[in-house]
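J.: Sequence:
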Amino acid sequence: MLLVLVTAFLCVITFPVAATLETQHIATFGVSIQNPPAQTQDLLQQGKMLYEAGQFAEAAKVLQQGVKSYRSQGNELRQAVALSNLALAYQKLGNLTQAQQAITDSLKLLEKSSTGENLQVLAPILDIQGSIQLDLGQAEQALNTWQHAEASYKQLGDQNGITRDRINQAQAWQVLGFYRRALTILTQLQEELQSKPNSVSKAVELRSFGNALQLAGDLNQSRQVLQQSLSIAQKLDSPQDVSAALFSLGNTAQVQQDFKGAIQFYQQAAAIAPNPISKVQAQVNQLNLLVNTGQTAAVQTLLPQIQTQLAQLPASVTTIYAQINLAQSLMKFGTTPKAIAQICARALQQAEDLADKRAESFAQGTLGSVYEQTKQWSIAQNLTQQALTIAQTINAPDIAYRWHWQLGRLLKQQGEIEGAIVSYDTAISELQTLRSDLVVVNRDVQFSFKESVEPVYRESVELLLQFQQTHPSEPILDKARQRIEALQLAELDDFFREACINAKTVLLDTIVDKDNPTAAIVYPIILPDQLQVIVKIPNQPLRNYTVNKSQNEVEGTIKQLREYLLEPDRTEEVQALSQEVYGWLIKEIESDLQDSGVKTLVFVLDGILRNVPMAILYDGQQYLVEKYAVALSLGLQLLALKPLTQTKLNVLAAGLVQPPEGFQQQFPPLPEIKSEFDSISQAIASTTQLLNRDFNSKNLESKVNAVPFNVLHLATHGQFSSSVENTFILADDGPINVTQFDSLLRRRDQTRSEALEMLVLSACQTATGDNRATLGLAGASVKAGARSTLASLWHISDKSTAILIGEFYRELVKNEVTKAEALRRAQVKLLKDYPNYSRPGYWAPYVLVGNWL
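Residue 1 is where the sequence shown starts when you use this note's numbering, and the numbers rise one by one after that.
Calculated from the structure, these hints are not laboratory results. Check before you lean on any hint, since a few could be wrong.
No farther apart than 16 Å at their CA atoms in a straight line, the calculated lysine to aspartate or glutamate pairs in the EDC-like style are these [said to hold, decoys possible]:
| # | residue 1 | residue 2 |
| --- | --- | --- |
| 1 | Lys-599 | Asp-513 |
| 2 | Lys-479 | Asp-425 |
| 3 | Lys-549 | Asp-592 |
| 4 | Lys-559 | Glu-590 |
| 5 | Lys-450 | Asp-494 |
| 6 | Lys-674 | Glu-701 |
| 7 | Lys-648 | Asp-425 |
| 8 | Lys-627 | Glu-573 |
| 9 | Lys-698 | Asp-733 |
| 10 | Lys-549 | Asp-606 |
| 11 | Lys-832 | Glu-588 |
| 12 | Lys-829 | Glu-626 |
| 13 | Lys-648 | Glu-754 |
| 14 | Lys-587 | Asp-569 |
| 15 | Lys-68 | Asp-105 |
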């Protein structure tokens, strides 16, 4: 469920009404009543207590009685309040249709009533309506509703309500794909929150803000804000808010992959938790991390504590999800299926008793997973189908895709390949409808991209190619290609926490068949037991072949090759491993490439293959770059096709010899940058330079907006990582991360008409030990909006860089060749004409991503 701050319970009594973020509360306002009927007040108070205890079905029953009681009294205002609370209970139960009807009826009654209390009641009711709309997938309507609610809070002078609704609006903007606008709202809120005096309300608002930043992917900022919330809660001696802040810090640390820190936060949250439910939530999250990090003894110590507490807790939505999460962790831990099934069965019974359809679907499907593990296919399939039916009934694609995927696995195991393909197709279709809000779907259950999304795509491709072996068909091969591209796009969406490619694109097949028929496309796909290679040669049908190398073998070879490339005097080992990879990817099609006159190879790489440059592949006599120009593409499509030879080049070059303070131990100086810039200026007369102290974020922004350029050349240290925050370039005043870089270039797009033809990052490197670090390179390319990006995968001598970059620009301008061919010639020159730099580690790391023309 999306993180949304809503008014959790409107009570027509004299104490403050509360708004929730998961189980946390923000005080909002009080609605006073002149002598309310005792019986009705008792019903509302009872409903509030049941709701806050997570007993939503019981709360709904009590609130229904309250609605009837107010109707019989003819009190439309109080009836509207009761209906809005009833809508919240229905929402928690997953009954969105009933929730929508209740909130609509509430607003209609409010229109009829004309008391002075209307405005106080209207604003929080609109909060609830916006929350329901967002759950229904109506993000635009939710945004409008929260904007109206904010206006009402302004009339009331209720700053807490205004803050809550702005956080909600930021969430809606993010779901709509407007990440920068969401971040702008959150940044403004931070400034406002800092000016407030310390209070419990401020601590909770900061926690809500920190959680929103975490979902937006701004993890360092999230952690800072949550630490501030924790500090305030500790000063005010509020155990509930201290525990809640620690719990949120654990969640952020987990996303940052700081597992040790996350475990400590969860331990502290559990230790200070003021109630058993909060304690068990923190412990279940802690247990999941202990399982994932292989801490067996710690799991065995903590597990009995969790089981004892869960057995004593009354049924509630929170305890149901705690049991589901516990079951998922225990499946990975290897606990006996019978014990796990008992946990799932108890959760399922409680969900049915509470009439909570979302929880019921999760419990039913997780129980199906247990039977899948024990290979009881028929029972597993029946349970999965029931879980899927429930998810479809309540229109919950974030749940439904899981059960379509599970159904696909079960059908495959039973030999029903075509049925399995249909189930996988549907699962992926559901995932793609979620896209921008995939990363913020239900946080009540364990979710990670690598465990919950990536396998759906990979298993689907494996299934399609398995079917292709007995039913050869070009459309099936094309579908497999599309799946891998969709996975790469989903990886980028997950990287940025938003849907990030919406620009006009051109199909690669169209380019190689019509516009550039001397280029071929190679798609290696890593599967658990084999490597599949799909090839597109100009004006020929797709073809594929199988390499009998398991995923572990492929990853082991590529990892070793990457290590050898970084070591001096390892050329023989590099050639041996590169020749092996050449055999996997190229040998099978070598003669066809020659017969077709292919001069450029475009690779759409999968997984760890992105960590080594394809130019290094070796046939026993020559490197691939000696025979072909080489380029990388992110998928089947390319941003706006246009050869660079048809464009007059204008370069904005920025460089930094000495890294800024705080980065000098991590990154060495780059004394040859001046020589590199001289080479660029000699090749391209229209070059603007920012060097050393002139290269700071403010000056770069100024030049980006004022100078006409279509090539942005950055000669400074930078790092590519699988984390947005750790993907950056260094300016004199510090790092500029990829999101800030994106904002800077987007502002330019609004004021200037020149397209960014090429981004050059001549001194960057991928983060050490990060197998998904090239996501950062892909992300930088996408966010820059550049048609192509030239970058280095690891740091090398800046003397060799200056030579290669100079040759690249000279070839590009003087001989009017494609970017890929200009890079090839520059690399070959370094290899053959400069003995000191002939080792692969010097010339190989440069890769061209995107438009190679």
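J.: All hints, please: hold or fail.
T.: Status of each hint after checking the structure:
1. Lys-599 / Asp-513: Holds, at roughly 14 Å.
2. Lys-479 / Asp-425: OK: Lys-479 and Asp-425 at ~10 Å, within 16 Å.
3. Lys-549 / Asp-592: 23 Å, violated
4. Lys-559 / Glu-590: 25 Å, violated
5. Lys-450 / Asp-494: Roughly 10 Å between the alpha carbons, so the hint for Lys-450 and Asp-494 holds.
6. Lys-674 / Glu-701: 21 Å, violated
7. Lys-648 / Asp-425: Roughly 45 Å separates the two Cα atoms, so the pair is violated.
8. Lys-627 / Glu-573: Distance ~21 Å between Lys-627 and Glu-573 Cα, so the pair is violated.
9. Lys-698 / Asp-733: 9 Å, holds
10. Lys-549 / Asp-606: Measuring from Cα to Cα gives roughly 15 Å; hence the hint holds.
11. Lys-832 / Glu-588: Measuring from Cα to Cα gives roughly 28 Å; hence the hint is violated.
12. Lys-829 / Glu-626: Holds, at about 10 Å.
13. Lys-648 / Glu-754: Holds: Lys-648 and Glu-754 sit about 11 Å apart, inside 16 Å.
14. Lys-587 / Asp-569: Roughly 27 Å separates the two Cα atoms, so the pair is violated.
15. Lys-68 / Asp-105: Roughly 13 Å separates the two Cα atoms, so the pair holds.
Hint violations for this structure: numbers 3, 4, 6, 7, 8, 11 and 14, all remaining hints satisfied.
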